[in-house]
Amino acid sequence: MTIDSASPKLTYANIDQTVLDTLRPATRPYWITVALLFLGVLLGAACWLYQIFIGIGVGGQNNPVAWGTYLINFVFWVGIAHSGTLISAILHLFRAGWRNPIARAAETMTVFAVCTAGLFPFIHLGRVWVVYYMLPFPNQRGLWPNFLSPLMFDVIAISTYLIVSSLFWYTGMLPDLATVRDRAGGFRKKIFTILSLGWTGEHEHWRHFSRTYLFFAALATPLVISVHSVVSWDFALGIVPGWHTTIFAPYFVAGAIHSGLAMVLTLMIPLRKIFHYEKIITLSVLENVAKTIVFTGLIVGFAYGTEYFMAWYSHNIVELETFRWRALGDYRIPFWIMVTCNTVIPLLFFFQKIRTTVFWLFGISIVVNIGMWFERFVIIIGSVAHDFIPHAWGLYRPTAVEFGIMLGSFCLFFFLFVLFVKHLPSVSMTEIKETVSAGENHAG
Amino acid sequence: MYRRTFLKIAGLGSVAVAAGCSEPEKTLYSLVQAPDDMVTGKPSWYASTCRECPAGCGILAKNREGRVVKIEGNPQHPINRGKICMRGQAALQGIYNPDRLKTPLLKENNQWRKLSFAEAQRLLKEKAAAASQKGRGRIGMITEMAGANLLSLLSQALKSWGSPPPLVFEPFAYESLKAANHRVLGVDGLPSYRMEQADFLLSFGADFLETWLSPVEYGIKFKQMHSVKDGRKNLFYHVGPYQSLTGANADVWLPCNPGSEAALAMSLVHESMLRGKGAGLSEELQKIVAATALPFTGESAAQLAGISIEQYRLLLDRVTASRRPLILGTGSGSASKNSLQTNMAANLLNLVLNPDLELFDFNNRHSIEIADSRESVLKFFNAVDAGGIDLLLLNNVNPVFALPPRHQIDMILQKDALFVVSFSSFLDETTQSADLILPTRLPLETWDAYSGKLEIISMLQPAMGRLTDAPHLGDVFLNIASSINAPIPPESSYKEYLYSSFIEKRLAKSASDWVLALRAGGYFEASSRGESVRPKFAKSLSDDFKNLSPPAETGLTFIAAPSLRFYDGRGANRPWLCEIPDSLTQIAWQTPVRMHPQTLKQFGLRQEDIVHIQSRWGSLEAPVYETHSVKPGVLVMEIGQGHANYGRYAQGAGVDPCRILPDDPNAPDGGPLLAVSPVAIKATGRRLKLAHLDGSRFQHGRRIAQAIALKDLTTGPSRAKPGVTLEDFPLTLPIPEGYDPKRDIYPPHDHDTYRWSMVVDLDKCIGCNACAAACYAENNLGVVGLEQVRRGREMSWIRVERYLDANHPDKTLFLPMLCQHCDNAPCESVCPVYAPHHSNEGLNNQIYNRCIGTRFCSQNCPYKVRRFNWYAWEFPSPLNLQLNPDVTARSKGVMEKCSFCVQRIKFAHGVAKDEGRPIRDGEVQPACLQACPTGALTFGNLMDPRSRVRKLAADPRAYQVLGYLNTKPAVIYLKKVLPEI
Amino acid sequence: MPAEHHVMGLFTEESRAAAAAAKLRESPWPLLKVHSPVPGHNLAQALDSPKSRVGYFTLCGGIIGFISGFALAIFTATRWSLIVSGKPVTALIPFFIVGFECTILFAVIGNVIGMLTLTGLPRYDNLRYYDPRCSGSHFGILASCRADGLDGLTDFFKEQGAEVKVFD
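Protein sequence lines correspond, in order, to chains A, B and C. Using this note's numbering, the first residue of the first sequence is number 1, and each one after it goes up by one. Using this note's numbering, the first residue of the second sequence is number 1, and each one after it goes up by one. Using this note's numbering, the first residue of the third sequence is number 1, and each one after it goes up by one.
A portion of the hints provided could be inaccurate.
[Unchecked claim] Covered by chain C, per the in silico footprint, the following chain A stretches (three or more residues, Cβ under 8 angstroms):
hint, segment
1, 129-136
2, 196-209
3, 279-290
[Said to hold, decoys possible] Not close to chain B: a few residues of chain A, all C-beta gaps over 12 angstroms, as computed:
hint, residue
4, T11
5, V240
6, I345
7, K353
In case anyone wonders, no lab produced these hints; they're calculated from the structure. In this text, all values refer to a predicted model and were calculated from it rather than measured experimentally. Glycine included, every Cβ here is placed at the ideal spot set by N, Cα and C.
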């Protein structure tokens, strides 16, 4: 399909213009935002330093709940990271044209989200200074990591995902980098000349590029699914009731896409407003995202239901107690936040009025993000807090240090993203041009 | 150090490195000339005697490189037979206590000034001389329970100053029991009981598993009496207004109104005589007893006690049916005004049921009987108050804490006219108000002899190098007293005094004889001194029972219960004792007041509310703990905490219940009264988060701590067809035989000669936590303190889980939970770096220095027995000297857990290899097992078909906790046996 | 004066550019390069260029990755042969995950290497006969001719409706 809805006047020239305008020298408010975000990052780093020297005890984790917000945030950010690749890869394979305007920003979101997520396992470790024990490298101790461990699956999967999505992102950006190079002058020209690797858009380039891009998409699609499955196995391979279930892989993948799409809306709507992308990122694009959110939301809701069915069907009193307590016990509030935000509220998108109103789109996307965070809370905290040995049951409450680090992680993500939108083309000019029906005069 | 700090600041990148190498600095000294009995790396064991309570258990102190690192029971000792309680384990934290005084202190206008020990003794000598100049009896002394030799030395010294012998002050002095024995049996003292030979046990409050007379001894005997023998199990009835740990271990707990015990016991006398008991007694005696018991009919008594007539009849049937019943009276503290009568009635009942009292040992009595009564102690202080003496010597007693505040002992001690010298090593309430503190050596550092029971003599010898220059108390007195008529040259040491007195008494024939005794731990053969005591009966008893005070029907009764952990409070500054939770409430570091749900409802209270309790004598505020283990209308608090001074661990921890107890001793026997009624309570509106370790009090039907009815056991359990559910999963031993293709995906794996395993007999476990204390001592566990316990970060490798019966919440099951060393351990495969893995002897190894702290293992452990080092736990000097050199002290950020005491297994391997043989069954004794008084734990090799663990695993009672997860735990539990009631 | 002249015809519509390219190929003038802002189907047809062979690189990468992933897992597990959770030392099912992730990783790397090799990127000397507009809205066809043929070539481009740019 094409974004005909808004593109009678959309020509190559004014596509370039709209995008390149976003790269104009930044204003003071922009730099203030960047500075504030950077302060947030410093705060998070300070909290982490403090934790390293005093001990993990400064967090709220305990026995039985030895995993806290660090793992929650890890899964949360990995989840966010997913829709980027989904949009750019899977929808690319499906030839869903509406993905083109948001693909670049979504991929960027992926890369930065993976970076943020990747920090949390380190923050979480009791002895981060020996984290290299997890790397399979020959050492005088003759010791090696244990590839039976889900955490090692993680190491492999997440690092693969980071490398692949970064390469995907960069490769896809080459033609645009060339465009910027050809419009820029002075120092920026030099930089972009190097970045664009001498891309001239000659036919030979395009021939191999398109093919490469296709393979990229073809490889990224199974990868993105495998990565969040692996993340889900961090729990599903455990023995804990509430974790130990085969539904987790699809459940987590759906959840990841759910949160990812929500984050896409959260990022796109302001971007669209500030950079006057209305013509390119049209309402119908956002509407399509919203429709997909309804879909993923339903899948997630179905997964919630299935878990309860399994608990009831198993007749296993431990499972039953876990899920009874999840809905009625000490953590019932997070649970109901999760259900409402992830499955009930997104259903509002069934109304066209709502899914075509920017205000609602934005608001609900935030709500879904919150809901998905609490889903991870309910799963990770709620299950171990109340598992096999009643005498060992216990509760967990995050501490200020943990919130500091969490704030830091959000600041880091937005810090990187804000830097990106001002210095690299945040919308793929090439791909928009491709969708604009060729034939008429493009010089405009 | 600067380089390191720089690196630390230098940003996240280098943090890893910096934090990684920030290990504590160590200083290593090498001995140029080692003492001949010390080989580096080899422990040397010294036999000695535990002095943490008057019971006087024999101990072996393990000495490594000159410091004691562990205390274990002395297997040859007749009292404790190699076992030891948690208080005994914690003796180490007395000598290594960071708050221990190292030098004498002199109080000068309320400032403490340090003195040298020589100065202090000179000063003491002057004071003594001056006081003795003034006339007779100007010097007074109060001492804790001590050995005969030391006491006689003290008396001689005092005599030489023309003063009376020292007063022996023990807060728990069994006045009422002694009086009762005197009046009924004509015996002045505390006979010991052959509890193991009884076939029925009835206690009217005697807490013989915690503090009463000799807890370890009676713990052992109790389980001998109470264990299953050829299809039978003897019953234990506990009658009392609240459950002590002992009460919780009873087959039946009859909650009676406080003060009704005496009437109840007498009615049993009455009724059983109606049933023709007591025929063996002399005519005349029968008359007396019958006459005394006449007014007490079963109905009235039952009604008075507030127990149903059916329960009463059942009890009566049991009592009369049994052949060798043993009836015990009140506990260490008298829980009611009638404790004298209760004890008398108990004795009478024993007489009637078993006329020749074969379960009493009148010769080998408990030596605590020499302790002076509370009455005389108070009299003494009144005399002191009246200015009766000039110099008061205090030896390890804490009357300011132990005696009700209204007596204002501290005020008396602080009088200017009175010069008070304390020989205590701790700045407790009493020592605080002394004028001169002259710390003396603690039992593990001294030569001495002590007799827990009259017919044995148990030796003490220095088990370690000295931490301070403190002299032995005996040496102090030999030094300062003008004339000691001892057969030793002047200027010689207490050791020589001791030795010569042994020679003189013909106890030791020669020096070698003496050394042998030291090595064995003392003289244990019943050297019955004096004629064997025979009971002779009083003529009339009825007067005592005439003025029986009625039980408190109206209003609330407040009871201060002697504490398993702190005894009378002397244990309150031992971190282990504070950290290990109370067995019944599972609460650490705090003293809640236990109340029945009905009572709470009545006053609109909830658990954790702070309640204000007001008695005629004082008031206190304490958090509420809701429990069915007390009778409605009864409030129970543990004695021991709430110290104003004592040390960093005691101060501010808990509340002292004694402050609202009656001031005056109980008239008939002169003992203290640990109960007060009525008391008024009101909510303060404030709340206090309790540091309780239990997430839930119930099992939620998960078959964790299991029990089986005796008849099911004897008829043989109907073995259902094995399945894969919680209900019908079979016992799967962690050896190839335990694998079944129908259940297991993976094939079995073999082990190398040994497959270590432990069997826990829930029928034997009394929940005394001795195992936990032993583990803290052996494995260098960190003590985390109140706040961290609240956050659920306690480090115990073995914990005694307490589960209540969902239908009868006053019934308790104890289950020691430790690493199960599963054959298919879920914790292992999730670790990314192999830190936990399966050893070739079946152990679940945890490699501390490989651990990176992902904590996945803990998350994945179904038993939640893994412990994480959230911080670098502190061992304030010199507590660090107690650390076991055979066990790594873990740094922050690593996971740890029970290792089955792998260091001991390795040690056994070494020995066996030297002797060219395999390790013998029972040769390896993990610390918990070694301590366990009732022998509830068994350890051994499952691959040896003749090993005890293997045999026990075949027991019909054997099961595995959460076995249906098919982790194949190597810890096998034996169900508790519930006899027919 | 140079023997060779490079002439670029700049079109604003892909269709015309494609047509011109087709014509040019029948003409004597050698068609050097075709620059376009987007991959054009018409152009591809006009130049009937073969399918890219970047896929072989990807495939090789994938195969190498699959093997090395398994090899790594098995190698590390057999160094100490520690038993964890009663599982066999070399448990192939879990190792498949390692194998799979490595497959993707190496395939992608192969993919990128393939593209770089085949396109000859990165290179920075190819901007001489290039017009910046080609990355924006114009389609540039670069041809060369001898000095005497210059006018003919420019006329050819002109009549195709292109704007002509002559390099020298």
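Status of each hint after checking the structure:
{"no.": "1", "hint": "129-136", "in the structure": "violated (count 1)"}
{"no.": "2", "hint": "196-209", "in the structure": "holds (count 13)"}
{"no.": "3", "hint": "279-290", "in the structure": "violated (count 0)"}
{"no.": "4", "hint": "T11", "in the structure": "48 angstroms, holds"}
{"no.": "5", "hint": "V240", "in the structure": "6 angstroms, violated"}
{"no.": "6", "hint": "I345", "in the structure": "31 angstroms, holds"}
{"no.": "7", "hint": "K353", "in the structure": "46 angstroms, holds"}
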